[in-house]
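Trainee: From first to last, the protein sequence lines are chains A and B. Under the numbering used here, the letters of the first sequence match residues 1 to 426, in that order. Under the numbering used here, the letters of the second sequence match residues 1001 to 1255, in that order.
Hints in this document: simulated from the structure, not taken from any laboratory. Check the hints yourself; a few may be wrong.
What the hints assert, rightly or not - When the alpha-carbon atoms are kept at most 30 Å apart in a straight line, the in silico DSS-like pairs for lysine-lysine are as follows:
no. : chain 1 : residue 1 : chain 2 : residue 2
1   : B       : Lys1198   : A       : Lys246
2   : B       : Lys1192   : A       : Lys246
3   : B       : Lys1192   : A       : Lys129
4   : B       : Lys1050   : A       : Lys129
Unchecked claim - Derived CB-CB ranges, DEER-like:
no. : chain 1 : residue 1 : chain 2 : residue 2 : range
5   : A       : Asn400    : B       : Glu1056   : 28 to 34 Å
6   : A       : Gly418    : B       : Arg1242   : 37 to 43 Å
7   : A       : Tyr56     : B       : Arg1153   : 58 to 64 Å
8   : A       : Arg357    : B       : Ala1166   : 57 to 63 Å
From the three backbone atoms N, C-alpha and C, an ideal C-beta is built for every residue, glycine too.
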Amino acid sequence: MQKAKAIELDVAVVDGVELSGSWNRMFEPRAISEYDIAVLDETTAIPGAESLGYCYQCGKCTAVCPVDTVGDYSPRKIFRRTQLGVSLVDSPDLWLCTTCRNCLRVCPKEVNMIQIMPAVRERAVLDGKAPDELLTAFENTARYGNPIGESPRKRAEWAKTAGVMVPVMAQKKSPVDVLWFVECYPAYHPRGKQASVALARLLNALNVDFGILGNEEKCAGDSQRMAGERGLFEMLAEHNIKMLSKYTFNHIVVTDPHAYNAFLHEYPKLGGDWPVQHYTQYLAERLSALSFVRSIPRRITFHDPCYLGRHNGEYDAPRRLLTALPGVELVEMGHCRETSYCCGGGGGGMWLDSFTRDYTSERLSEKRVREAIEYGADILAVTCPYEVPRFEDAVKSTGNAGKLAVMDIAELLAYSVGLTDEYAAN
Amino acid sequence: MRIAVLLKSVPDLIEDIPIDEESGEILYDEMSYIPSEWDDQALEEALLIKEESGAEVTAITVDTGESDTMLFTALAKGADHGVKLVGDFDPSLPNRQRAHIFSQYLGPQSFDLVLSGVQAIDDIDGQIPGLVAGILGWPHASVVTEVRAHDNRVIFRQEYAGGLVAEIKVSTPAVIGVQAARKPPRYASIAKVRQIAKSSQLEEVEMSIQEVPSLEILRFYKPIASGHAEMIDGDVDEAVDRIIEILQEHNLMRG
């Protein structure tokens, strides 16, 4: 191949117009087009990954990519490395993206990592190149309906500790207004279960006619889809749609923004089309029916979940709930709303902790917790089930135990309404 | 080279094992099942041999209820055929009968190598490879860690006490019980398993049960704990005090 040569001319004539100065090189072949782009072509030939080829290296994504702040990674760098012949299928870069969507927000060329990542990852999974810990999460989800590897027969066990009725549809045998899709971490994780209990009590206090699928529910599967297991996602979606179709309800309320994303955009394509709300949206519409009896005299900051905010445009509902809490001072962090940081759990990141550790200086959750502390927050309020465990671990691992409590909005509301006795776990 | 891999599903211990307390019998119908992890190792080793030196791999199981997904997964991973030996069998089928059913099928087929897991969690006797080899009159080795095939010779390894490894040669046909494959078992993507399940056929072969000398299980029961560990609660000082107290109680403190 011919090597790049000096192409700058003292004076260039283009279409009869005389151009002088160094910028006339824009009209000549540029060095970056002189690479063997076979590997790039191979990657952009994967259905869904076409837009990687649109990148013109402006670097806007690098400035906003959360992973770049803790490592040597950004969509621009992915394009450049692929152009230089490093196959994305074989590169650790492939597994570092959390599909937070911040790059797509600023990209003038609409290089869409939200489509590129699952497409190329699917190829890597088929080729046996995915990290083992991710495959374990896939296998658990396929086998047990949850990535954690918990018993599918115990999916509704948490409800026994709720102290209020949590009707399971199979036993209720009558239509409900709200079908609450609980999801995995809220059903199994100890802290997730506490938030579920809080939400169950809030729904009861609001006299909501609701039911859950219980053991008939499986993981909504959206993060597995983003992590490259589309077949698994489809299997889960088909199952959930079949179970939901057995019952009569007016709309779905989800705990998890990832499930919200799936029900909003992906399930309808597979025949599961129901009105869906995130629980913060549902509660925000019913704020006037909640009577607050306890003050929370604390400084609270809020972490926008990527899949509620950037992916689906909901920034206000969680804030309406938080500002309604008596005594609360809500402070916004520098990274908030559209520019919110990422907890690191999305796009399969939840199941890639050990893998990611080798390529990053710290966890995204740790960086975010430091930011919350910089802003003097006592409580980091969250509303995605991935976040309570991620941020609570990060509070401890950054040496800030006792300085910052991580609370689901449902927990804060339930405490303030007088439905639970504690609002700060530590 | 034609390789047969004998597979079995075993109770998934993520669920409690349901026991009828009066009769002391395991309630097999109430359990969920997963492929035996050692059989997964055997399958992986067979697929590695196929990739290394070419082979036709057939995954075979005695159908005791949940076989299809296990066999389709084997096909998705790279096995060439899936065979289900059907009859009036349930998961309590004793290994000796299971071995006869496998041998009955394997006998007239011209397999060069039969691999199976070294044991399974629900029998712990590790007899399938040995029994099958005995019935067929073929050479056998078990607790094997690495199997390579060259023409009609199979070379494998066994590890002994004292850090000694033996490299052993056997001529085909032979039956080997695999302890561990050279690599962790591969992942079969769900899309591929689903596609295979739609497009492939499993071969079903009707088999009969042969009467064999058998054992009688009197009862299953969970061991009764004779004592518990003490969990030391409290802050650091309280914990230290309690530890010192325990050490003193046991005369383990000096000075």
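Trainee: Hint by hint, which ones does this structure get wrong, listed from lowest number up?
Mentor: 5, 8
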